[in-house]
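S.K.: Sequence:
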Amino acid sequence: MKSSSPGTGSSPSVADSLKAFHEEKAPRPSSDIAVWLRLWGFVRPHSRRLVIALLLVFVGAGFNLAAPLVMGAMVRHATMRDRSGVFRDGLLFMAILVARKVSEFAQRYLTEVAGARAMVDIRKAVFQVLQRATMRFLDTTPIGRLVTRATNDVDAIAEIFRIGVVSSAGDVVSLVAYVVAMLVLDWRMSLVAFLMMPPVLVVAEVVRARGRRANVDLRVRLAQVNAFLGEQVNGTSVVQAYGRVDAVMREFDVINRSYRGAFVRFINYLLAMDSLLQMLGTLCIASVLLWATLSHGVSGAQNPAAAFALVVTFTMYINQFFEPISVLAERYPVLQTGLVAAERVLQVLDETELESDTPPPACGEDRANEAFSLDHVTFEYKPGVPALRDVSFVAAPGEKIALVGPTGSGKSTIASLLLRLYEISEGVARVEGHDVRRFGRRELREKFAVVPQDVYLFPGSLLSNVAMTDPRPDRARALAALERVGAAVLFRERVNGTLADDAWLDAPVDRGGANFSAGERQLVALARALYRDAPIVVLDEATASVDSVTEARLQRSIAAVLEKRTALIIAHRLSTIRSADHIVVMDEGAVVEQGTHEELLVRNGLYARLHKLGFRGGSADTS
Numbered sequence: 266m267k268s269s270s271p272g273t274g275s276s277p278s279v280a281d282s283l284k285a286f287h288e289e290k291a292p293r294p295s296s297d298i299a300v301w302l303r304l305w306g307f308v309r310p311h312s313r314r315l316v317i318a319l320l321l322v323f324v325g326a327g328f329n330l331a332a333p334l335v336m337g338a339m340v341r342h343a344t345m346r347d348r349s350g351v352f353r354d355g356l357l358f359m360a361i362l363v364a365r366k367v368s369e370f371a372q373r374y375l376t377e378v379a380g381a382r383a384m385v386d387i388r389k390a391v392f393q394v395l396q397r398a399t400m401r402f403l404d405t406t407p408i409g410r411l412v413t414r415a416t417n418d419v420d421a422i423a424e425i426f427r428i429g430v431v432s433s434a435g436d437v438v439s440l441v442a443y444v445v446a447m448l449v450l451d452w453r454m455s456l457v458a459f460l461m462m463p464p465v466l467v468v469a470e471v472v473r474a475r476g477r478r479a480n481v482d483l484r485v486r487l488a489q490v491n492a493f494l495g496e497q498v499n500g501t502s503v504v505q506a507y508g509r510v511d512a513v514m515r516e517f518d519v520i521n522r523s524y525r526g527a528f529v530r531f532i533n534y535l536l537a538m539d540s541l542l543q544m545l546g547t548l549c550i551a552s553v554l555l556w557a558t559l560s561h562g563v564s565g566a567q568n569p570a571a572a573f574a575l576v577v578t579f580t581m582y583i584n585q586f587f588e589p590i591s592v593l594a595e596r597y598p599v600l601q602t603g604l605v606a607a608e609r610v611l612q613v614l615d616e617t618e619l620e621s622d623t624p625p626p627a628c629g630e631d632r633a634n635e636a637f638s639l640d641h642v643t644f645e646y647k648p649g650v651p652a653l654r655d656v657s658f659v660a661a662p663g664e665k666i667a668l669v670g671p672t673g674s675g676k677s678t679i680a681s682l683l684l685r686l687y688e689i690s691e692g693v694a695r696v697e698g699h700d701v702r703r704f705g706r707r708e709l710r711e712k713f714a715v716v717p718q719d720v721y722l723f724p725g726s727l728l729s730n731v732a733m734t735d736p737r738p739d740r741a742r743a744l745a746a747l748e749r750v751g752a753a754v755l756f757r758e759r760v761n762g763t764l765a766d767d768a769w770l771d772a773p774v775d776r777g778g779a780n781f782s783a784g785e786r787q788l789v790a791l792a793r794a795l796y797r798d799a800p801i802v803v804l805d806e807a808t809a810s811v812d813s814v815t816e817a818r819l820q821r822s823i824a825a826v827l828e829k830r831t832a833l834i835i836a837h838r839l840s841t842i843r844s845a846d847h848i849v850v851m852d853e854g855a856v857v858e859q860g861t862h863e864e865l866l867v868r869n870g871l872y873a874r875l876h877k878l879g880f881r882g883g884s885a886d887t888s
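Quick note, the sequence shown lines up with residues 266 to 888 if you use our numbering.
By construction, these hints were calculated from the structure, which means they are not laboratory data. Ideal Cβ placement from N, Cα and C applies to all residues, glycine included.
Per label pair, the in silico range of CB-to-CB distance:
{"no.": "1", "residue 1": "ARG868", "residue 2": "GLN820", "range": "22 to 28 Å"}
{"no.": "2", "residue 1": "TRP452", "residue 2": "ASP615", "range": "47 to 53 Å"}
{"no.": "3", "residue 1": "VAL503", "residue 2": "LEU686", "range": "20 to 26 Å"}
{"no.": "4", "residue 1": "VAL592", "residue 2": "VAL367", "range": "15 to 21 Å"}
{"no.": "5", "residue 1": "ALA474", "residue 2": "ARG707", "range": "47 to 53 Å"}
{"no.": "6", "residue 1": "PRO662", "residue 2": "GLN820", "range": "19 to 25 Å"}
{"no.": "7", "residue 1": "ASP386", "residue 2": "LEU686", "range": "26 to 32 Å"}
{"no.": "8", "residue 1": "MET400", "residue 2": "CYS628", "range": "18 to 24 Å"}
{"no.": "9", "residue 1": "GLY751", "residue 2": "ARG707", "range": "29 to 35 Å"}
{"no.": "10", "residue 1": "ARG509", "residue 2": "GLY870", "range": "38 to 44 Å"}
{"no.": "11", "residue 1": "LYS829", "residue 2": "ARG707", "range": "23 to 29 Å"}
{"no.": "12", "residue 1": "ILE317", "residue 2": "ASP615", "range": "28 to 34 Å"}
Below, computed lysine-lysine pairings styled on DSSO-like, alpha-carbon distance capped at 27 Å:
{"no.": "13", "residue 1": "LYS829", "residue 2": "LYS665"}
{"no.": "14", "residue 1": "LYS712", "residue 2": "LYS665"}
{"no.": "15", "residue 1": "LYS829", "residue 2": "LYS712"}
{"no.": "16", "residue 1": "LYS665", "residue 2": "LYS877"}
Please work from the sequences and hints to get the whole structure.
M.R.: Structure follows, in structure tokens:
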């Protein structure tokens, strides 16, 4: 393969590929109504609380409508020096305010509880989709982007309920009621009050539309930041080792500045909307006061006291009219953020490529006396770039098959196809004589115990990691598995336990098994395979990451795991596969040799050359 130096024609294509990988595309545009209808599917199971909250909204709207009338009456009684009337109206006004706040609290509480429960369902749906996603999809999607969908975006949807989406419906009802009340009180004053609204609202609509686009861009930039952070944090050790810290900081600075610019644009539109609404409210009140001052009277007012009370009532209605508009304006960006986030979450639910258990119309014929096999299998990770080319071999029950070959020859790909992590392009993969596509994926994978090169331990205890396939771990079974692989004494000593005490099984395990050595993690993986007790064991370069002394100790543990089981051994060191019943030699995605250790040495082919390299260098990198 030819290498390309900086400045050659191939460099831009590599940069473009990396940029395309991290580039966050905006979700397909859809109407707000369509998004609401999709969200309703998650909210419907909790709709009883929302119905009660909506009823309370109408109750609160009634209190809001009554408050200015009571205040106007109180002003009229005060002007007429009617103390008893002022006292009665004052008590009634306070009662209305208290009742309004109580109903508002109950309504907000019910709304937020319903929203929280709906968010649990949405997160669960996203997590289930990601758990069922195909490896092909996960290979081509930045993990940070998917994490953003399940965390930040779902939180943004939850904010819709936190700000009171049901209250917004009530605010709309209140607006209509206020308009009707003002028209009934004085239609001429109402026309004067609303004279300035049309031009300002046109400008507000322009600002709203641009603000939505800015909000979409903001969420896209945020996902870019999260995706880049996720990728770089996971690779911090490599970045530091190769002195790429400054370069990565410059790349992050570009992405971060892009996010900052999007945030500033969004805030500018938000502030513009708020200023427009405040200006509109002030102009309406000023217009009413000016008209009332200059006019010879107010329709419906029989005396100055009544006219003054009517102006006070009308002004309160204008204030209350713009209060929900102002609140809606404040809620609007949050609402738009939530809707944009909902579009992105729904995009994950709709577009994630999922594993399917539906068998194809035509599967391969069944074969007897086969533990697993590949029959003229061709596979491509990318179209036109085959990873495997016409690969065929058979493993009988109880047989140990070893895969050997240079790096990138397709050995681990074969294990992935048997587990049906990827779908075969051509040919048939069989397990227990049946096409793997005839099995449900869970049923198929229960037939395998996989011991990988890089063992991942989950936060919890030693017991929970050994018995990770069991919802109720069996302590005796886990203890027996650890003893079979020779790890029981080691872990007892590690936690200062006694031979008679199994409390050491509850020893804590940090994320990824960071508090265990590579050899200890391999022992846990081998014990995990024994605990699972599957008929087929896959050793995917299980000793490649340990030193020769540790490998010698692990060989006895591996022998215990492989006893009376069929095995697929992907070999990194030739010493691991000498005792294999059958050796398959791979090169550039094809089988170039098959046979026993002795037969392949006699042929003096690729295996013999790898064998010589292995003994000269102590071990051969044949992965």
